[in-house]
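> Based on the hints, put chain B in the right spot on chain A.
Chains as they are written, first to last, in numbering that gives the first Met the number 0: chain A, 0 to 457; chain B, 0 to 457.
A portion of the hints provided could be inaccurate.
Heads up, the list lumps identical chains together, so a pair's fine if it works in one copy or across two of them.
Claimed, not checked - Capping the alpha-carbon separation at 27 angstroms, the derived lysine-lysine pairs in DSSO-like fashion look like this:
id, residue 1, residue 2
1, 187, 171
2, 22, 340
3, 3, 347
4, 347, 171
5, 3, 171
Hints were generated in silico from the structure; no laboratory data involved.
Treat the numbers as computed from the prediction; the structure is a model and nothing was measured.
There are 2 protein chains.
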Amino acid sequence: MMSKVLIVGSGLVGCLLAVLLHKRGHAVTLCERRADPRRAGYVGGRSINLALSDRGLLALRMAGLADDVAAVSIPLPGRLVHGANQQTSFFNYGLNGEAIHSVSRGGLNIRLLDIIDSLGIDIRYEHRCHEVRLAVNEADFVDASGAVHTLHGDVILGCDGAYSAVRGALQKTDRFEYSQSYLPHGYKELAIEAGPDGSARLDRNALHIWPRQSYMLIALPNLDNSFTCTLFFPFEGEPSFASLQAVDDAEAFFARVFPSAHALMPDFREQWNNNPVSSLITVRCEPWGATTANGQVLLLGDAAHAIVPFFGQGMNAGFEDARVLASLLDEHGQDWSVASKEFQRMRKPHADAIATLALDNFVEMRDLVQDPTFQLKKRIEAAVARACPGQFVPSYTMVTFRPDLSYATALARARAQDVILQQLMGHPSVVADPTSAAHEALYRTMAASLPPLQPDMR
Amino acid sequence: MMSKVLIVGSGLVGCLLAVLLHKRGHAVTLCERRADPRRAGYVGGRSINLALSDRGLLALRMAGLADDVAAVSIPLPGRLVHGANQQTSFFNYGLNGEAIHSVSRGGLNIRLLDIIDSLGIDIRYEHRCHEVRLAVNEADFVDASGAVHTLHGDVILGCDGAYSAVRGALQKTDRFEYSQSYLPHGYKELAIEAGPDGSARLDRNALHIWPRQSYMLIALPNLDNSFTCTLFFPFEGEPSFASLQAVDDAEAFFARVFPSAHALMPDFREQWNNNPVSSLITVRCEPWGATTANGQVLLLGDAAHAIVPFFGQGMNAGFEDARVLASLLDEHGQDWSVASKEFQRMRKPHADAIATLALDNFVEMRDLVQDPTFQLKKRIEAAVARACPGQFVPSYTMVTFRPDLSYATALARARAQDVILQQLMGHPSVVADPTSAAHEALYRTMAASLPPLQPDMR
Chain A
0 MMSKVLIVGS
10 GLVGCLLAVL
20 LHKRGHAVTL
30 CERRADPRRA
40 GYVGGRSINL
50 ALSDRGLLAL
60 RMAGLADDVA
70 AVSIPLPGRL
80 VHGANQQTSF
90 FNYGLNGEAI
100 HSVSRGGLNI
110 RLLDIIDSLG
120 IDIRYEHRCH
130 EVRLAVNEAD
140 FVDASGAVHT
150 LHGDVILGCD
160 GAYSAVRGAL
170 QKTDRFEYSQ
180 SYLPHGYKEL
190 AIEAGPDGSA
200 RLDRNALHIW
210 PRQSYMLIAL
220 PNLDNSFTCT
230 LFFPFEGEPS
240 FASLQAVDDA
250 EAFFARVFPS
260 AHALMPDFRE
270 QWNNNPVSSL
280 ITVRCEPWGA
290 TTANGQVLLL
300 GDAAHAIVPF
310 FGQGMNAGFE
320 DARVLASLLD
330 EHGQDWSVAS
340 KEFQRMRKPH
350 ADAIATLALD
360 NFVEMRDLVQ
370 DPTFQLKKRI
380 EAAVARACPG
390 QFVPSYTMVT
400 FRPDLSYATA
410 LARARAQDVI
420 LQQLMGHPSV
430 VADPTSAAHE
440 ALYRTMAASL
450 PPLQPDMR
Chain B
0 MMSKVLIVGS
10 GLVGCLLAVL
20 LHKRGHAVTL
30 CERRADPRRA
40 GYVGGRSINL
50 ALSDRGLLAL
60 RMAGLADDVA
70 AVSIPLPGRL
80 VHGANQQTSF
90 FNYGLNGEAI
100 HSVSRGGLNI
110 RLLDIIDSLG
120 IDIRYEHRCH
130 EVRLAVNEAD
140 FVDASGAVHT
150 LHGDVILGCD
160 GAYSAVRGAL
170 QKTDRFEYSQ
180 SYLPHGYKEL
190 AIEAGPDGSA
200 RLDRNALHIW
210 PRQSYMLIAL
220 PNLDNSFTCT
230 LFFPFEGEPS
240 FASLQAVDDA
250 EAFFARVFPS
260 AHALMPDFRE
270 QWNNNPVSSL
280 ITVRCEPWGA
290 TTANGQVLLL
300 GDAAHAIVPF
310 FGQGMNAGFE
320 DARVLASLLD
330 EHGQDWSVAS
340 KEFQRMRKPH
350 ADAIATLALD
360 NFVEMRDLVQ
370 DPTFQLKKRI
380 EAAVARACPG
390 QFVPSYTMVT
400 FRPDLSYATA
410 LARARAQDVI
420 LQQLMGHPSV
430 VADPTSAAHE
440 ALYRTMAASL
450 PPLQPDMR
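In isolation and in its complexed conformation, chain A is listed as follows (with noise of 0.2 angstroms):
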């Protein structure tokens, strides 16, 4: 069953999801509110830098995509955190070397729109949605001039973030549930450009985090040898963006707390001035779609289930809904009306598990880093899942590597294992020396406690 599928949003979920349909015979339309970024310059969104990692280059593999983005993304294996003594120390992302991948938001956005175009997938700028009537499977989008277009789709999909204008019109229906609910920190962008010479100014195989427990600045590479920093901090509060009005307060602080990150930034004060604060919202509604007299609507991405960017998974999120909705497509013959209800029943208690996963990262990001009983229950953590592969696998490797496993079992499996962590740091002999073959027994039997950790995505 070939459908006419009208995506609202050419974002990275939209686009992707544009490919998928494509290559099983949909026909697709892309509507985008924005210029073509190719013309225009990007301008973001957000234009902070993403995390590809293993959920999103699954999709991405899917659609015959993976060497594009490959092309323009840098393996970062780990995490070097500045201290507040400026001592760094680095540690690994997986227990096997595994990587997650910088990527322009920009970069990647604008490498997906010309594979839309190779494939001559029909795409609308500047077609900004205006209103979408449910009942009949037709959305309004107003242009550049004013003008309205009416276009009608089999299948209407929102892909249009975190603010989407397809889940405003879910919304105005009855017993849509619904919250949104913003962090007390908002975050501000700031530049290290390249040196002199053209060279990085600092570690471009690590992601950079200046952990100071109420908030935080992080750095990724982006290929011209500059990074992307983003400073996270109170709106409120002392300190706070609103007690840094003046230009010289900010930089006597940003001086102050983060030196090594201040010294790369000689235009600091014209970032600072230039650069909007933004708010980190997260979204949870239920359902996600509706099916009408004449098709369905459903929302992907951002749209269904915005994020904190704190697990570096918003986007691995929205590639997983694409990958998920295209193998249901293919496992029900392109049957909209099954597939959707399936991915809604499927993905929803997944996107309230990173949702969860993304808040309580923020915590760990920029408290507990630092924190000696937070290391060395990283370091107990590490040993178990040694001494029980398959068995016992850190929290942040079942959600970044491990895209057989739903965030949901992440989530559950983490909490478990953290029950077994807690004993063990009342254990002397664990607690001196973590790493010791003497304890593998012990960590075998605890973690044999466990249920086998099955794989559960398809």
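For chain B alone, coordinates are given in the frame of chain A:
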């Protein structure tokens, strides 16, 4: 400081607020989406009967309207429970004969509109709020002909209910916390008319309740000796509105589980077919307002905190909002910027508390009222309360008859008292005879472990 106040919505809260503000010298304009109900007939919102209790009465008294309302209400000193075995039992609401008051939403609204007119307050019907421009304190209203009327207020008050248009404008601002959630139960109204001789066919001095665990029927008396019944029933599952689509099935079911009510509804089939099923929303949001360059925008009542009806507090909480805002204005020399900030700070925790209490009370009404353990606990609660007046106060009493205690205090105190009740249910002699004078010393000792119960509302 006299202000130009634009009130959106002339429902119960909007009308009461208009009277309170008019009497304080503010220039009030009321805009209402619907036509004048005295000319057009009252077409609801929810025409569900309302239970006015002491918080609402205190606010009406402040406005000088308590007598007007007493004339159109019927006092109910307790619940009459209709068991599955056709037996009935009566439970007083208070220990000292306190009563709640059955009023018709439509009748009360019309009484308030008469008063609005008698005071010469400017009111505009068929003015649907289409857009609120926060930055300039203006709102556009669309009339029946489609014409747009733009009105300005130094203060714009959103009293426009659970689906508030004013809240819609606030929701588009950054960092607005918002959630809407629905119960899996809906409701359908049914009527029991007066008998052929004009007499009431049920006892008029009680709120009637037919609790049936997963669902329930209630009935409240009207001035004309009819009763308004409401069936709270699951949307899906077995049994549910979905499973009883056919009126034959519905009638067979209703006659079986509510025979005493069914016998009083000769027109059951017509009513079942004609009356819609409505949903039950809880809305939480923050902030409730905005300070703009040109003044204030503020939400009150359901627009700020829509709750489910199971504690009979929706209207009472909205009236209490109006009373508290008027008090704060008096306290701060009619300075809206101070009063509206203080109002939000004070009221938000109480709105959250009554939302929780209302959801909890649904379980009590449909599941527990019939349960012997629950009935025992209520008997012990009453006995402890008699032994310790002012120190141990039943939760229903705190919420309903003690407007000097905030909802948040009522919720916290109810939870602390519940721990004591749980302990007492482990004493065999208490269980055997809760009202024995022999237990009074024990009751007093246990109640004395709680801090004194201090009034915290002004």
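> Give me the numbers of the hints this structure contradicts, sorted from smallest to largest.
none
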